[in-house]
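Q: What follows is each chain in one-letter form.
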Amino acid sequence: MSILIYAEHDNKELKSETAKLVHAASQIGEDIDVLVAGHDCAAVAQAAANISGVSRVLVADASCYEYQLAENISGLVVELADGYSHILAAATTTGKNFMPRVAALKDVAQISDIIAVESADTFVRPIYAGNAIATVQSSDQLKVMTVRASAFDSATLGNAAPIEALTQAHDAGLSSFVSAELTVSERPELTAASVIISGGRGMQNGDNFALLNGIADKLGAAIGASRAAVDAGFVPNDMQVGQTGKIVAPQLYIAVGISGAIQHLAGMKDSKVIVAINKDEEAPIFQVADYGLVGDLFDILPQLEAAL
Amino acid sequence: MHNVNGNLYYININTNFARNTNEVDMKILVPVKRAIDYNVKVKVKADESNVDLANVKMSINPFCEIAVEEAIRLKESGIATEIVVVSIGTLACVEQIRTALALGADRGVHIQTDAELDSLQIAKLLKTVVDKESPDLVILGKQAIDSDNNQTGQMLAALTNMGQGTFASKVAVADGQVAVTREIDGGLQTVSLTLPAIVTTDLRLNEPRYASLPNIMKAKRKPIETIDADMLGVNLTSNVSLLKVSAPAQRSGGVKVADVAELVAKLKTEAKVIS
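Order-wise, the sequence lines are chains L and D.
When we follow this note's numbering, the leftmost residue of the first sequence carries the number 251, and every step to the right adds one.
When we follow this note's numbering, the leftmost residue of the second sequence carries the number -2, and every step to the right adds one.
Hints are not guaranteed to be accurate.
[Claimed, not checked] Straight-line distance between alpha carbons at most 30 angstroms, and here's what the computed DSSO-like set of lysine-lysine pairs gives:
(1) L/Lys519 to D/Lys215
(2) L/Lys522 to D/Lys215
(3) D/Lys42 to L/Lys522
(4) L/Lys522 to D/Lys263
(5) L/Lys519 to D/Lys219
(6) D/Lys54 to D/Lys215
(7) L/Lys262 to D/Lys215
(8) D/Lys215 to L/Lys529
(9) L/Lys468 to D/Lys42
[Said to hold, decoys possible] Stretch by stretch, here's where chain D covers chain L in the computed footprint (C-beta under 8 angstroms, at least three residues):
(10) 298 to 308
(11) 401 to 410
These aren't lab readings, by the way, just hints derived from the structure by calculation.
Ideal Cβ placement from N, Cα and C applies to all residues, glycine included.
Put together the whole structure using the sequences plus the hints.
A: This is the structure in structure tokens:
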């Protein structure tokens, strides 16, 4: 078993998903390489080499990888694929984008969004928005998989794996980067935060989301939202927690003015502790909440901020 | 495809002339999947062999519906000239093709098979349609709400060696290129692809229309070509087997607290998630 993990990063920072994938990979086999593909990404490679259990870090540093375009990255990964039994990437918008290309070019199936490893060829994944859990077995020689990082613990740090530079640059010439509008925030990212406070339609408008700021500051929390709040235009889509948004599993999840639609629950029900604040005591969110507080969020939020 | 520098009005009223220039024809292929209706809550069979789809309402997968809508808007704005909708599966899929025709697609292709297929086989079958139809743009849903795989569009792009714009929230076609604004984890990213290209839709791309009764009637006369999947030279065997489908672990509700003070105390001393 030789496993290649695609590192999740933004050229500056290695994202927390990667250490979780190393932990997932360690349940499959022991020979684990990490591929860092990007541009001016030396710091990322250093961080990857620090993860315990990593045998080697391969670095493909070229301008054609700067934006991790699927057409170029898939060419690189396909070239490296021989010799590996498994290729893993996080089920982020990066991994979801290029991995099926890799699978198709290698003429194998992809297993998407695994949440558990049963054995080297058998994996568990949610289907129907998490309303059913499938166990699947692959007989492909090469297993191409995306991994739901939040379902796995992190591998520990404290390693000094060798770093090897790759020289080949795959520029497919099919696509080019035009622009990016990235949300700039001082808060932790939703998928990495240990505490999340999310607002729903009950917040009534985008301005009221400011009521969550003080609490988030005190708890070091990320701020999320339900799809209803996003669709109503209160906040941008990248704040969305749910089946069609981000899947999160923090230590503490505080749902404020969120009724608890299935699609939202699918994105947060694996949180360790769930708190629900809602004025409707019949709201379905209370059926999954460890602690429910019935009341008007506009009264409760300032009290909560003061009490922390 | 239209040259955006040209006179769209002139081109539109001179269809015959325009077609002869060979620059204005733009064909869009839209694959659609028959899937469980969005409003149905799926149940797992007692023997855990699969989910129970007997007598369950089926529809066009919502993301595929958004793909159909986007193609229709491109046609209405004079950019696209023909929309071909394709579905793969049992005879029942004709129902979803008819729905897409009623929404505004021009003709349908049904690749008939009773086999349970993975995304890779679907992408290979779709490639045969792409080879035959030579579309300028293929628009697919980013994923189906049953298998949640999110693979087919990317696989089709790989097999046809096309560029891909996945998770699209905006699509703009001009000068032989398509600019796709993608919903990515940190915000939005726009990429430019040379046509022909593949686009997969995210939720915010558009809001699909409802079919009108006259258009539903008209759709009954639109052509649907049926192709036997076994005749397309694609190996339909999947290397992934489904061992078990189980219901997710249920989370039991906890306690109601009386006020903020009790909540904070419980979080500190009982759950120990804040200090």
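Q: Given the hint that L/Lys519 pairs with D/Lys215, test it: the Cα-Cα distance must not exceed 30 angstroms.
A: With Cα atoms ~46 angstroms apart, L/Lys519 and D/Lys215 exceed 30 angstroms; violated.
Q: Taking a Cβ-Cβ distance under 8 angstroms as contact, does the stretch 401 to 410 of chain L have three or more residues in contact with chain D?
A: Three-residue rule not met by the stretch 401 to 410 of chain L, so violated; n is 0.
Q: CA of L/Lys519 to CA of D/Lys219, is that 30 angstroms or under?
A: violated, 46 angstroms
Q: With a cut-off of 30 angstroms on the C-alpha distance, tell me whether L/Lys522 and D/Lys263 pass.
A: Cα-Cα ~14 angstroms, so holds.
Q: Please verify whether D/Lys42 and L/Lys522 have alpha carbons no more than 30 angstroms apart.
A: holds, 28 angstroms
Q: Regarding the pair D/Lys54 and D/Lys215, is the alpha-carbon distance no greater than 30 angstroms?
A: Holds. D/Lys54 to D/Lys215 sits at ~24 angstroms (cutoff 30 angstroms).
Q: Hey, L/Lys468 versus D/Lys42, does the alpha-carbon distance stay inside 30 angstroms?
A: Given that 30 angstroms is the threshold and the Cα spacing comes to 46 angstroms, the pair is violated.
Q: Hinted pair, alpha-carbon criterion (30 angstroms max): D/Lys215, L/Lys529. Please report holds or violated.
A: Violated. D/Lys215 to L/Lys529 sits at ~49 angstroms, over the 30 angstroms cutoff.
Q: Check whether three or more residues of the stretch 298 to 308 of chain L sit with their beta carbon closer than 8 angstroms to a beta carbon of chain D.
A: violated (count 0)
Q: Can the restraint linking L/Lys262 and D/Lys215 be considered satisfied, given a maximum Cα separation of 30 angstroms?
A: Since the Cα atoms of L/Lys262 and D/Lys215 sit roughly 56 angstroms apart, the hinted pair is violated (cutoff 30 angstroms).
Q: Decide if the proposed pair is consistent with the structure: L/Lys522 and D/Lys215, CA atoms, cutoff 30 angstroms inclusive.
A: violated, 54 angstroms
Violated hints for the displayed structure, listed by number in ascending order: 1, 2, 5, 7, 8, 9, 10 and 11.
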